[in-house]
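Engineer: Sequence:
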Amino acid sequence: MGATSLPMPELDHIRNFSIIAHIDHGKSTLADRLIQQCGGLSAREMTEQVLDSMEIEKERGITIKAQTVRLLYTAQDGETYTLNLIDTPGHVDFAYEVSRSLSAVEGSLLVVDASQGVEAQTLANVYQAIENDHEIIPVLNKIDLPAAEPDRVKEQIEDVIGLDATDAVEISAKSGLGIDEVLEAIVTRLKPPEGESDARLKALLVDSWYDAYLGVVVLVRIVDGHLKKGMRIKMMQADAVYTVDRVGVMTPKGVEVPELGPGEIGFLTASIKQVADTAVGDTITEDKRETEQALEGFKPAQPVVFCGFFPVDSSEFEDLREAMGKLRLNDASFSFEMESSAALGFGFRCGFLGLLHLEIIRERIEREFDIELITTAPSVIYNITMNDGSVIELHNPADMPDVVHIEEISEPWIKATILVPDEYLGAVLKLCEDRRGIQQELTYVGTRAMVIYSLPLNEVVFDFYDRLKSISRGYASFDYEITGYKSDNLVKMQILVNAEPVDALSIIVHATRAEARGRGMCEKLKDLIPRHMFQIPIQAAIGGRIIARENIKALRKDVTAKCYGGDATRKKKLLEKQKKGKKKMRQFGKVEIPQDAFINALKMDEN
Numbered sequence: 172m173g174a175t176s177l178p179m180p181e182l183d184h185i186r187n188f189s190i191i192a193h194i195d196h197g198k199s200t201l202a203d204r205l206i207q208q209c210g211g212l213s214a215r216e217m218t219e220q221v222l223d224s225m226e227i228e229k230e231r232g233i234t235i236k237a238q239t240v241r242l243l244y245t246a247q248d249g250e251t252y253t254l255n256l257i258d259t260p261g262h263v264d265f266a267y268e269v270s271r272s273l274s275a276v277e278g279s280l281l282v283v284d285a286s287q288g289v290e291a292q293t294l295a296n297v298y299q300a301i302e303n304d305h306e307i308i309p310v311l312n313k314i315d316l317p318a319a320e321p322d323r324v325k326e327q328i329e330d331v332i333g334l335d336a337t338d339a340v341e342i343s344a345k346s347g348l349g350i351d352e353v354l355e356a357i358v359t360r361l362k363p364p365e366g367e368s369d370a371r372l373k374a375l376l377v378d379s380w381y382d383a384y385l386g387v388v389v390l391v392r393i394v395d396g397h398l399k400k401g402m403r404i405k406m407m408q409a410d411a412v413y414t415v416d417r418v419g420v421m422t423p424k425g426v427e428v429p430e431l432g433p434g435e436i437g438f439l440t441a442s443i444k445q446v447a448d449t450a451v452g453d454t455i456t457e458d459k460r461e462t463e464q465a466l467e468g469f470k471p472a473q474p475v476v477f478c479g480f481f482p483v484d485s486s487e488f489e490d491l492r493e494a495m496g497k498l499r500l501n502d503a504s505f506s507f508e509m510e511s512s513a514a515l516g517f518g519f520r521c522g523f524l525g526l527l528h529l530e531i532i533r534e535r536i537e538r539e540f541d542i543e544l545i546t547t548a549p550s551v552i553y554n555i556t557m558n559d560g561s562v563i564e565l566h567n568p569a570d571m572p573d574v575v576h577i578e579e580i581s582e583p584w585i586k587a588t589i590l591v592p593d594e595y596l597g598a599v600l601k602l603c604e605d606r607r608g609i610q611q612e613l614t615y616v617g618t619r620a621m622v623i624y625s626l627p628l629n630e631v632v633f634d635f636y637d638r639l640k641s642i643s644r645g646y647a648s649f650d651y652e653i654t655g656y657k658s659d660n661l662v663k664m665q666i667l668v669n670a671e672p673v674d675a676l677s678i679i680v681h682a683t684r685a686e687a688r689g690r691g692m693c694e695k696l697k698d699l700i701p702r703h704m705f706q707i708p709i710q711a712a713i714g715g716r717i718i719a720r721e722n723i724k725a726l727r728k729d730v731t732a733k734c735y736g737g738d739a740t741r742k743k744k745l746l747e748k749q750k751k752g753k754k755k756m757r758q759f760g761k762v763e764i765p766q767d768a769f770i771n772a773l774k775m776d777e778n
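Heads up: the sequence shown runs through residues 172 to 778, numbered per the working numbering.
Since the hints were derived computationally from the structure, they do not count as laboratory data.
A hint or two may mislead.
Stated by the list, open to error - Mimicking SDA-like on lysine to any residue, the simulated pairs with C-alpha atoms at most 25 angstroms apart in a straight line are:
#, residue 1, residue 2
1, K345, G522
2, K748, A670
3, K601, S625
4, K640, K695
5, K399, L565
6, K586, E329
7, K586, E530
8, K601, R688
9, K601, E582
10, K399, Y384
11, K497, R538
12, K601, T614
13, K362, Y384
14, K748, A725
15, K697, A670
16, K400, A383
17, K497, T614
18, K362, T337
19, K640, L316
20, K750, Q706
21, K601, S658
22, K497, K459
23, K345, K497
24, K640, V331
25, K697, A719
26, K697, P708
27, K586, E604
28, K695, Y636
29, K400, P429
30, K586, D605
31, K459, T337
32, K601, D674
33, K750, L667
34, K697, N660
35, K657, D570
36, K657, K697
37, K640, G597
38, K400, K424
39, K586, D490
All figures in this text were calculated on a predicted structure; none of them were measured in a lab.
Let's have the full structure, built from the sequences with the hints guiding it.
Structural biologist: In structure tokens:
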């Protein structure tokens, strides 16, 4: 396609919208059908989940990055409209991708599975859309399934979300049923964007990613004015000036256009070297004719979970540094800094938006760069108030200052929304209570309960989601937002193996639960660490106080085998000699801790 093949659309013929839904309700499949229907790609180029470009997205069937595409649609009234669609992720860890996408468009298609109904993430995304003042079109997907109950789900949308669902569009994204009705609804029910064509350039930086050939590619939404090739542009927040090399739109392939006008969504490249230079939410304007008022922008994505990555083979440390640098080019929400550990050598302390984000990054490093990793226990950021009134942020429990100098420790708390079928409610309530949760409210939506709990994030990051899924047979859905910090009676618990502290197993726990947690970890390590030639004590300690202990028995050689008959003192002498040798061995012996012991020891058993 040449640069001239896409005409400049008129403002009232543009519709910008995103697709929002819970995980697995069919966002990416609906995007496929819309692209197919509008002829964005030929039948030969169509693949399933066109917009999920990463191998890991296709494999897991989830969307990680929000993707955009521009489509041309000829409506029933004979007019041709330009549709800019943003497909968003559904998982709670990538909620910041959703919030960015929603602020770049005027309307949303709310996709709800006609058999599953409204889920926790559906609610979270709808509220974000309402905050952004969106026109919302409810779409019921999978109506061709035998279990589909469109009328019940419409009622649910009205009861739970408060949206009028009488003219919700009923579709099957897989078979293509009802796709024309969706396109007509977009054209007739969504409002066109507003903007002034002859004003100074004002554009929102929605996203950026790294391309090996073009450098950093920047996705923009033009609010006022025009963006052309060769223009000198300025990023207002970063205070950096660049010359635009090319301007284009995604159809989903990148197509160059001469210019972008108000209301349009497209991309630009300008020989930018680092994704870090393009802060998401920044305002782009012309260098010499700046706009008076910058756009509001977004809050930067805050990492909430931290953990250490160490290479299994310490010689791969430099490769790991390079791999992380490359991943950071495409994912500005991932942060890392160097750290060293007595047990594991050199590695990195990394920050993530949640456990799925952690898992994805770890899998990408192992798969794309072929580096085997040891991952330490995930932990959250604690705020520590010292006696002199200063406050420090603690990312790694091993770095905690001496208790004598600490006034108080506070930890992050979240507001968790859980939707669960009635029969599993008891088990879910028990799980939340066990994790120090405080119930806020409990309401019913048909046969499903909606529970809102206040929970400490520390209790949630490790295996709360897995536990929730297993006790509810996979039917519970979960969404959370961070509400703030609360101080509590928190202590640092260390694990000592053969009287040596293992820093990778240091954790911060609530004082009332430290003993049970320490005993559990010692019992697990007893099974996970292989026996050595000497006895190994495993202890859990808070400060100088041992709160739990287990012993791994020594492997023993039978030194008295050659004594048959004769004086009993000979046997005694040999056993004493062996005992002394074991004692000496224990003093200087090194204990090998297998890699899987680090993660398995931290998993909580619910008993």
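Engineer: Against each hint, give a clear statement of whether it holds in the structure.
Structural biologist: We went through each hint and held it up to the structure:
no.: 1; hint: K345 <-> G522; in the structure: violated (37 angstroms)
no.: 2; hint: K748 <-> A670; in the structure: holds (23 angstroms)
no.: 3; hint: K601 <-> S625; in the structure: holds (14 angstroms)
no.: 4; hint: K640 <-> K695; in the structure: holds (23 angstroms)
no.: 5; hint: K399 <-> L565; in the structure: violated (47 angstroms)
no.: 6; hint: K586 <-> E329; in the structure: holds (24 angstroms)
no.: 7; hint: K586 <-> E530; in the structure: holds (23 angstroms)
no.: 8; hint: K601 <-> R688; in the structure: holds (18 angstroms)
no.: 9; hint: K601 <-> E582; in the structure: holds (22 angstroms)
no.: 10; hint: K399 <-> Y384; in the structure: holds (21 angstroms)
no.: 11; hint: K497 <-> R538; in the structure: holds (14 angstroms)
no.: 12; hint: K601 <-> T614; in the structure: holds (17 angstroms)
no.: 13; hint: K362 <-> Y384; in the structure: violated (37 angstroms)
no.: 14; hint: K748 <-> A725; in the structure: holds (15 angstroms)
no.: 15; hint: K697 <-> A670; in the structure: holds (15 angstroms)
no.: 16; hint: K400 <-> A383; in the structure: holds (21 angstroms)
no.: 17; hint: K497 <-> T614; in the structure: violated (46 angstroms)
no.: 18; hint: K362 <-> T337; in the structure: holds (20 angstroms)
no.: 19; hint: K640 <-> L316; in the structure: holds (23 angstroms)
no.: 20; hint: K750 <-> Q706; in the structure: holds (11 angstroms)
no.: 21; hint: K601 <-> S658; in the structure: holds (24 angstroms)
no.: 22; hint: K497 <-> K459; in the structure: violated (34 angstroms)
no.: 23; hint: K345 <-> K497; in the structure: violated (35 angstroms)
no.: 24; hint: K640 <-> V331; in the structure: holds (22 angstroms)
no.: 25; hint: K697 <-> A719; in the structure: holds (12 angstroms)
no.: 26; hint: K697 <-> P708; in the structure: holds (9 angstroms)
no.: 27; hint: K586 <-> E604; in the structure: holds (14 angstroms)
no.: 28; hint: K695 <-> Y636; in the structure: holds (21 angstroms)
no.: 29; hint: K400 <-> P429; in the structure: holds (7 angstroms)
no.: 30; hint: K586 <-> D605; in the structure: holds (16 angstroms)
no.: 31; hint: K459 <-> T337; in the structure: violated (51 angstroms)
no.: 32; hint: K601 <-> D674; in the structure: violated (32 angstroms)
no.: 33; hint: K750 <-> L667; in the structure: holds (23 angstroms)
no.: 34; hint: K697 <-> N660; in the structure: violated (28 angstroms)
no.: 35; hint: K657 <-> D570; in the structure: holds (20 angstroms)
no.: 36; hint: K657 <-> K697; in the structure: violated (35 angstroms)
no.: 37; hint: K640 <-> G597; in the structure: holds (14 angstroms)
no.: 38; hint: K400 <-> K424; in the structure: holds (19 angstroms)
no.: 39; hint: K586 <-> D490; in the structure: violated (39 angstroms)
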